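J.: Respectively, the protein sequence lines represent chains A and B.
Oh and the first sequence: position 670 is 670 in our numbering, straight run, nothing missing.
Oh and the second sequence: position 9 is 9 in our numbering, straight run, nothing missing.
By construction, these hints were calculated from the structure, which means they are not laboratory data.
All clues given are correct.
Mimicking DSS-like on lysine-lysine, the simulated pairs with C-alpha atoms at most 30 Å apart in a straight line are:
1) A:Lys244 x B:Lys82
2) A:Lys372 x A:Lys423
3) B:Lys30 x B:Lys92
4) B:Lys78 x A:Lys244
5) B:Lys77 x A:Lys244
6) A:Lys467 x A:Lys617
7) B:Lys104 x A:Lys244
8) B:Lys108 x A:Lys244
9) B:Lys92 x B:Lys53
Taking beta-carbon pairs under 7 Å as the criterion, some of the chain B residues facing chain A (in silico):
10) Phe63
11) Thr64
12) Pro65
13) Ile66
14) Lys82
15) Gly85
16) Thr87
17) Gly88
18) Arg105
All of these numbers come straight from a predicted model, not from anything done at the bench.
For every residue, glycine included, the Cβ atom is placed at its ideal position computed from N, Cα and C.
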Amino acid sequence: MSDPNQLLNQLREVFFQEAEEGLEVAEAGLIELSNGTFDLEALNSVFRAIHSIKGGSGTFGLTRLIEFAHTAEAILDALRSQDNPPATEVVDGLLLSVDHLRAMLAAERDGSDLDSARTQDLQAQLQVLLSLVQGGAPSSATAAPVTAAPAAPAATFATEWSIEFLPHTDLMAFGNDPILLLRELGSLGPCRVEAILDRLPSFEQLEPDSIHLGWRINLSAAVEEAQIRDVFAWVESETDLNIKRVEPAAGRPATEPAPITAPTAPKAIPSAARAMAAAQPQQHREASSIRVSTDKVDALINLVGELVITQSMLSQIEKEVQIPQLDRLRDGLAQLKRNTRELQDSVMQIRMLPIKFVFSRFPRIVRDLTTKLGKKVDLQILGEDTELDKTLLEGVADPLVHIVRNALDHGLETPEERLAAGKPETGSLRIEAYHQGGDVHIKVSDNGRGLNLAGIFKKAVQVGLVKAEDRLSDAEIVDLLFAPGFSTAAQVSDISGRGVGLDVARRNIQNLGGTVEVDSKPGKGTTFSIRLPLTMAILDGQLVQVGSQIYIIPLVAILESLLMGSAHIRNIAGQQEVYRLRDEPVPVIRLYDIFGVPAERKTLPNSLLVVVESGGKKAGILVDDLLDQQQVVIKSLESNYGSVGGVSGATILGDGTVALILDVPGVVSLANRQARRANDEWGTRAARSQAGTASGAGRSKA
Amino acid sequence: MRALVAATLAEAGYKVVQAEDGVQALEIAKKEPVRLVVADVNMPRMDGLTLLKHLRGLAAYKFTPILILTTEISAEKKAVAKSAGATGWLVKPFDPQTLLSTIKRVIK
Numbered sequence: 001m002s003d004p005n006q007l008l009n010q011l012r013e014v015f016f017q018e019a020e021e022g023l024e025v026a027e028a029g030l031i032e033l034s035n036g037t038f039d040l041e042a043l044n045s046v047f048r049a050i051h052s053i054k055g056g057s058g059t060f061g062l063t064r065l066i067e068f069a070h071t072a073e074a075i076l077d078a079l080r081s082q083d084n085p086p087a088t089e090v091v092d093g094l095l096l097s098v099d100h101l102r103a104m105l106a107a108e109r110d111g112s113d114l115d116s117a118r119t120q121d122l123q124a125q126l127q128v129l130l131s132l133v134q135g136g137a138p139s140s141a142t143a144a145p146v147t148a149a150p151a152a153p154a155a156t157f158a159t160e161w162s163i164e165f166l167p168h169t170d171l172m173a174f175g176n177d178p179i180l181l182l183r184e185l186g187s188l189g190p191c192r193v194e195a196i197l198d199r200l201p202s203f204e205q206l207e208p209d210s211i212h213l214g215w216r217i218n219l220s221a222a223v224e225e226a227q228i229r230d231v232f233a234w235v236e237s238e239t240d241l242n243i244k245r246v247e248p249a250a251g252r253p254a255t256e257p258a259p260i261t262a263p264t265a266p267k268a269i270p271s272a273a274r275a276m277a278a279a280q281p282q283q284h285r286e287a288s289s290i291r292v293s294t295d296k297v298d299a300l301i302n303l304v305g306e307l308v309i310t311q312s313m314l315s316q317i318e319k320e321v322q323i324p325q326l327d328r329l330r331d332g333l334a335q336l337k338r339n340t341r342e343l344q345d346s347v348m349q350i351r352m353l354p355i356k357f358v359f360s361r362f363p364r365i366v367r368d369l370t371t372k373l374g375k376k377v378d379l380q381i382l383g384e385d386t387e388l389d390k391t392l393l394e395g396v397a398d399p400l401v402h403i404v405r406n407a408l409d410h411g412l413e414t415p416e417e418r419l420a421a422g423k424p425e426t427g428s429l430r431i432e433a434y435h436q437g438g439d440v441h442i443k444v445s446d447n448g449r450g451l452n453l454a455g456i457f458k459k460a461v462q463v464g465l466v467k468a469e470d471r472l473s474d475a476e477i478v479d480l481l482f483a484p485g486f487s488t489a490a491q492v493s494d495i496s497g498r499g500v501g502l503d504v505a506r507r508n509i510q511n512l513g514g515t516v517e518v519d520s521k522p523g524k525g526t527t528f529s530i531r532l533p534l535t536m537a538i539l540d541g542q543l544v545q546v547g548s549q550i551y552i553i554p555l556v557a558i559l560e561s562l563l564m565g566s567a568h569i570r571n572i573a574g575q576q577e578v579y580r581l582r583d584e585p586v587p588v589i590r591l592y593d594i595f596g597v598p599a600e601r602k603t604l605p606n607s608l609l610v611v612v613e614s615g616g617k618k619a620g621i622l623v624d625d626l627l628d629q630q631q632v633v634i635k636s637l638e639s640n641y642g643s644v645g646g647v648s649g650a651t652i653l654g655d656g657t658v659a660l661i662l663d664v665p666g667v668v669s670l671a672n673r674q675a676r677r678a679n680d681e682w683g684t685r686a687a688r689s690q691a692g693t694a695s696g697a698g699r700s701k702a
Numbered sequence: 001m002r003a004l005v006a007a008t009l010a011e012a013g014y015k016v017v018q019a020e021d022g023v024q025a026l027e028i029a030k031k032e033p034v035r036l037v038v039a040d041v042n043m044p045r046m047d048g049l050t051l052l053k054h055l056r057g058l059a060a061y062k063f064t065p066i067l068i069l070t071t072e073i074s075a076e077k078k079a080v081a082k083s084a085g086a087t088g089w090l091v092k093p094f095d096p097q098t099l100l101s102t103i104k105r106v107i108k
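Isolated chain B, as found in the complex (with noise of 0.2 Å):
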């Protein structure tokens, strides 16, 4: 998944870091800024909301447009995801075209 992501951003001309878990991209995103930052719910030692709920607490990362991969969205779902402070998901599985449909409705 987290290939095909980073694929697909690269191959559109983005910069993509990649990161193992929530832990490394909490470090990667203290260390170099980030525009965007797409994580999956799921991730070991650090979840995405987890990772979600500290990047906000950064100055850096207050206005970053940060969408979250995802199984399944349900109202309930929904409301924990913007609690966190997500700007926006993505319901897996999608193809390429759509992930980067949807990027450009937060990053220009």
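Just chain A, same shape as in the assembly (with noise of 0.2 Å):
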């Protein structure tokens, strides 16, 4: 911290974060205006949020980005002197400028290349805009923020006036602030205003009580020279004043309002902060935040992890000793857990993000296509506060993205399909986000044409995921939109649709724990649920032990365990051996087989099974016993080990034991590969023997 360059850098990064978060909510006040009523709240936030970014800009000596957003925010002042909501090519102008300022903070932030080419044209754009947005504007007169007064009318700002203002170093001394006096000028006529920082001292020479910073100050006012001393009159013996007049500048338009802004210096000099809180004066923070690294964070819930398993030894070591004073060390650590549960719950919740995140995108994804494709759409989004941990946030958010494109592409009709099929010409595309069960559950429905399952089986016969003869359930056939280079695009769009689309996407999800199920009604509409684990932190789970093993299979997984009677067991062609529960086939798995450790129970009857489910079908695990359920904090094996196929993580048990946590869904595809080895084995040795004794050749193996 005491390294100026790591601090410079910190606020950097700071600037830089927050310019992303002021983008977000331009885009989204940009959105609200698209929708053709005037909204001035929503006007000023867009407004808010450039200028900030352009003053932080100023600060970090970013000169493209000042010039660029100082163009986009005259057109939001302009607009902001007008009754009427924005033209479309407006919104349309300012949404583009701030996709390209996020592109100019990206290249800004890593130290990459920018496009200057990009930004003339653009830049050019918004000139055109602006003379359009003036051109259509009564007047231009209240324009600068902070004005305090009305400046005079647009015909006689033809007078324009150019200050130097260099206040000595030790101004502050008598009480003046210089953001006063700016502000007083600014009371005059709009100002358009630069900070001066050659005089600005290195970090270490910096004196807070000083000022290093002078000011070149453009006012357009109709007033006298005399006027403008009379601002600087309290401070004329502390400051360097330089007062010239400007003739108009041919190609400029005179009447161009631009607000006093205060680019200034590093936030250590007490003016040039507040110069920044003056510039925006009424930016309201809703709740009051601070921010710190994730890394801090991830190394708070790694200790509390650390906590929640010493606590755990403790409480193993309760059960076994016994000694005088047992019953008040049991109090203690009844009230430790208590403890540890609540600090885990509440530094967990620190991880936490509302999915507003990941959803404030999607009014403009929705709006983009709907334009492309030439459909109209109803968005609705609900839920938005739901929170979930931030790892989990931005790994759904580009599955979201991809559900969400796919149902406004293949989904939803256009208006004249849906007039022809007596559907209203609107359709809706409803986003909602909720907790239930300690999931979060996200889901995307349509209410467009639904699944075309004849046309989706065509297609996988096509591509070859499946052969024609070959029968398939409803579900199954659902199913085959997540397989791999599957696209029912009829062309393939850049909207969606390059085949990589939907496994990637249930990929991601599952990666994270989480699942997506389809469901779809012809004509009425499709909707994808996803469910997601709030944390991928902490997991409850069933301890199971194999052989001198133990492991973990996580709660949610998991439908029921039962101790297998010998008559619902059956081996499907020698192969696959199923238990049939309530009539429903479910596959044994061995987990002693996959991972190749001794166990304890290999006979089938009268052992336990634990069905899980995956991926929407029922799976049975063979295990020894069932322990305890518990609350395991989740190790990652990769990067403490390498990755194993069939292990999620691992976790440290109360008496110190490691134990592997199961990724089920990867338990069960091991288990159909080697099944379906020994299927091919079984194939090759029947086609040996010819016939006969099938069933019991495939026996051995299973």
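Grab the two chains, each in its own frame, and use the hints to assemble them into the complex.
T.: Structure, rendered in structure tokens:
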């Protein structure tokens, strides 16, 4: 922290993050403005966002950003003096400039090259829009955000003043504040202010009590020089003041209302900090918050995880020891357990963010896509405040975008098709999130044409996923949507359907420990339901014993556990053992076989079977014994060891032993692969022996 | 004069503490933080400029805006006021509106 460069870098990083958030706000505001009503609050929020970005850019010397943001800001400012909603092309232009600002910020952040041709191009477009907007404006009188009194009407702006305001370092020692003087100047007319940073000393030599900044001000107002001097009357002995009349420039429209801004230097200087604050007087933070790096939070979570382990270790000992003071110890331990739980909950809460962070991008996506596709869609977003873990939030963003794009591209019909089908011409898309039973549910539903099962099947046959003579249930056909290399779009569009779509989306969600389901009714619409755990750091697990090993099966995956009766055990065609659970065949997975460990129980009758669900299908895991159910802290196996098939992570149990956490879909697919291999083996063997003893041959391997 | 200044400021929503002279003003200023001082040049016991010098000597008032009220302001008087540490001045007589707009120049 003592290194000034490091501090500056940190401030810079904060600026980039805030700018990113600001652009999101701006985007949301612009979308709101595009629905045809004049919403001054939305306009103001966009203005403030762009304005702050401009101010911050000035602080960090990002001149190209300032210039670009300034033009966008000027348009917004002109819009504020009008009563009618902005024209579509204006909103479009502003949205494009938001995109470009984002790109510019990213480039500055990574130090990569800026696309200056694109900047110029857009800048030119914005200038056109600016004159368009200004032309339509009756007057651009109250332009500057910090202007106290209304400025003179546009026609009298002809006189321009150039003022150089160079306060001596001791200006503040007399109780004067440059930002107030600038504000006072702003009451004479619109100002364009530029900070002079030449005199800024190095960080170590920075005196917080002194002023090192100067300002170059361009004032557009029909005033006498004396009026300007009067503003600085109290500080004339502590200031170098240079006032010049400017002849109106031919190119720039003299009426351009430029709000006062004070791009200033590092925030350590009080006046500069106040300048920033003054430049955004209406900005309120909804909730007070601090910015902490995720590393710190993760370190804390890790530590709490260790604490949970220590606590369960102590609880374990409690069961084993016999001492006279045991009762008191027990009380203390119970208390510790409660506190640990609460601490854990609160710490996990820190990582929780509202799903708004992902949902907020949808209005824009929907607007852009529907325009492109010529569709009409009414978007509803519900449950924006539903919270989930940051990692999950980031992980689910892309899959969700994909699903939403799919719904717009494939699910919803064009207005003509809808009218022909007797439906209202505007379709509806509903995106909602809510908590249910320790999970987060996200649903994307459209009221479009629904899934075309026959079409999906035909397509699957075409791409070779299934054979034409295969008989698939509806659920199995729907499942084909998620098969790698599947795309139903008749022609591949750039919107969705490059063939890497839904399978990747589903795999990403599964990697997060979640599931995706599809429900569709022909002609009525399709609903994609995503279910995610609240967090990825802790899970409720069922401890099971196989030989000397303890494995943990995530509780969410478990449907039931049962003792197998011999009457229900079947052997389909010799290669796959199944247990008939209420007339439904459940394939039996022998965990010891997959992981190659010794086990006590290898015969099925009277053994325990844990029935799990994976990808909508049931499977049974054969175990020696069922132990405790407990919350376990997930430790990444990848970062400590390496990726292991069928295992999603590890944890440390109360007695210090390491237990592996099963990745249920992974285990099921491992088992399927093994079964397939066995099947092939059986097939060739059966072919060799030509007939007869088939069922006996396959029994040995399953 | 004092009553008029106090009433105008109170009317505008500022919290006003009044002192009868410079000595009392200094006592008050030491006890409670004041964000703006408006002092007449002519006061019994301690005049405005002396009060100013004392206030600027206090750490808490190093940067506090201090306005002085005076009947005339010449280049010479300006220099004296500045050397005492005045933020600015108001020439008597003035109307309440001028007082308020002047104050806006030094406090937010």
